[in-house]
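Turn these sequences into a full structure, and let the hints guide you.
Protein chains in written order, with the working numbering: chain A, 1 to 107; chain B, 1 to 138.
What the hints contain is simulated information worked out from the structure, not anything from laboratory work.
Don't take every hint at face value.
Taking lysine to any residue pairs in the SDA-like style, the calculated list, with each CA pair at most 20 Å apart, reads [what the hints assert, rightly or not]:
1) Lys82/A with Asn54/B
2) Lys35/A with Thr49/B
3) Lys35/A with Gly48/B
4) Lys35/A with Met101/B
5) Lys4/A with Pro45/B
6) Lys4/A with Tyr16/A
7) Lys82/A with Gly53/B
8) Lys35/A with Arg50/B
9) Lys35/A with Pro45/B
10) Lys35/A with Leu115/B
11) Lys82/A with Arg50/B
12) Lys35/A with Ala100/B
Some chain B residues close to chain A (C-beta under 7 Å, calculated; not the full set) [stated by the list, open to error]:
13) Ala28
14) Ala32
15) Met36
16) Val39
17) Ala40
18) Leu46
19) Gly48
20) Arg50
21) Asn52
Since the model is a prediction, treat every value here as computed from it, not as a measurement.
Glycine is no exception: its CB is placed at the ideal position from the N, C-alpha and C atoms.
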Amino acid sequence: MIAKLAITAHLLMCIYIFWSVFIRARWLDDRAHAKIRMVFCVLGAAALLGIAWPIARHWAPDVWSLTMLSSICLVQHVTGAKWCDGVPRQFVCRTRASDQGSSEVAL
Amino acid sequence: MPEPATTSVTAASVSATVLFVSILGPQAGPWALILMASVAGALWPLSGTRTNGNVEAAMLLLRCTLLALFFTGLIADYLESEYGLPVSDGLSLVALGIGAMGNGWSSFFSGFSGLMGGAAGVIFSRRDGGRNGKRDEQ
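Structure, rendered in structure tokens:
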């Protein structure tokens, strides 16, 4: 019973992390830093791998991995407020020529 | 006494896993990895494309995922029919790569054709150069 609860919590948190990455990737485009795009893709891939892993390997999470997952969920939830109006300015490396008339570097 | 909500959530997740395994049988594990790798690969083109809403972003993600699943399925079927190789976890890397290609197939093929054209140009220029050399010698 505890193992099933742990797997369920694990799956729900992985789904939440993937959803938070999807919401951020929906705002991202080629103006953002490539490193930012890369890390969010890696986080989403890890969350998706976490969804498939209990099926593929009959694996059950332990307390430590659940703690880490819940911490990442909290970080995503708290930082999500910064993304309500789009990509945070610190993550944008350049503006499009169609946006400001030139391809100047913002940061 | 367990809470009813917790029990229902647990039952739903476990029954979904049982359903997934019962449909795909022993191949459920590799195909689950391939499916998730396809979605993970599709995140890269999604993060590089400006979309106007969640629906448009979801459609882009779905399109890239289905493309990756289709081509990975073709490759898996070919490997199984020709070489007797069963579906393995390694194909998830293929699905990841195809999903990450996303909308970049036109640039991929144009780059590939440019590479082949460049290679053909080098080969034929060498042949022409050799023939010209012989002509020069004659």
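Hint-by-hint comparison with the structure:
Distance check on the hinted pair: Lys82/A and Asn54/B sit about 17 Å apart at the alpha-carbon level, within 20 Å; holds. Only pairs whose Cα atoms come within 20 Å are accepted, and Lys35/A paired with Thr49/B is accepted, the gap being roughly 15 Å. This hinted pair checks out: Lys35/A and Gly48/B have alpha carbons roughly 12 Å apart, not beyond 20 Å. Of the pairs offered as hints, the one joining Lys35/A and Met101/B holds, with about 18 Å between alpha carbons and a cut-off of 20 Å not exceeded.
With a C-alpha separation of about 35 Å, the suggested pairing of Lys4/A with Pro45/B is violated against the 20 Å cut-off. Restraint check for Lys4/A and Tyr16/A: satisfied, since their Cα atoms lie roughly 18 Å apart, inside the 20 Å limit. Restraint check: the Cα-Cα separation between Lys82/A and Gly53/B comes to about 18 Å, which is no more than 20 Å; the hinted pair holds. Restraint check for Lys35/A and Arg50/B: satisfied, since their Cα atoms lie roughly 17 Å apart, inside the 20 Å limit.
Distance restraint check for Lys35/A and Pro45/B: the Cα-Cα separation of roughly 14 Å lies within the 20 Å cut-off, and the hinted pair is therefore satisfied. Distance restraint check for Lys35/A and Leu115/B: the Cα-Cα separation of roughly 28 Å exceeds the 20 Å cut-off, and the hinted pair is therefore not satisfied. Note on Lys82/A and Arg50/B: the hinted pairing holds, with a Cα-Cα distance of about 18 Å set against a maximum of 20 Å. A hinted pair counts as satisfied when its Cα atoms are at most 20 Å apart, and Lys35/A with Ala100/B qualifies at roughly 16 Å.
Against a cut-off of 7 Å between C-beta atoms, the interface hint on Ala28/B holds, since the closest Cβ of chain A lies about 6 Å away. Using the Cβ-Cβ criterion of 7 Å, the hint placing Ala32/B at the interface with chain A is satisfied: the shortest such distance is roughly 4 Å. For Met36/B, the suggested interface contact is upheld, since its CB lies about 4 Å from the closest CB of chain A, less than 7 Å. The beta carbon of Val39/B is positioned within 7 Å of a beta carbon in chain A (closest approach about 5 Å), and the interface hint is therefore held.
For the restraint placing Ala40/B at the interface with chain A, the shortest Cβ-Cβ distance is roughly 4 Å, inside the 7 Å limit, so the hint holds. Residue-level restraint check for Leu46/B holds (minimum Cβ-Cβ distance to chain A is 5 Å; threshold 7 Å). At a threshold of 7 Å, the smallest CB-CB gap from Gly48/B to chain A is about 5 Å, leaving the interface hint in force. Annotation: Arg50/B was flagged as interfacial toward chain A, and the flag holds, the nearest CB pair being 4 Å apart, inside 7 Å.
A least Cβ separation of about 9 Å between Asn52/B and chain A goes past the 7 Å threshold, and the interface hint is therefore violated.
When the structure is compared with the earlier hints, violations turn up for hints 5, 10 and 21 and for no others.
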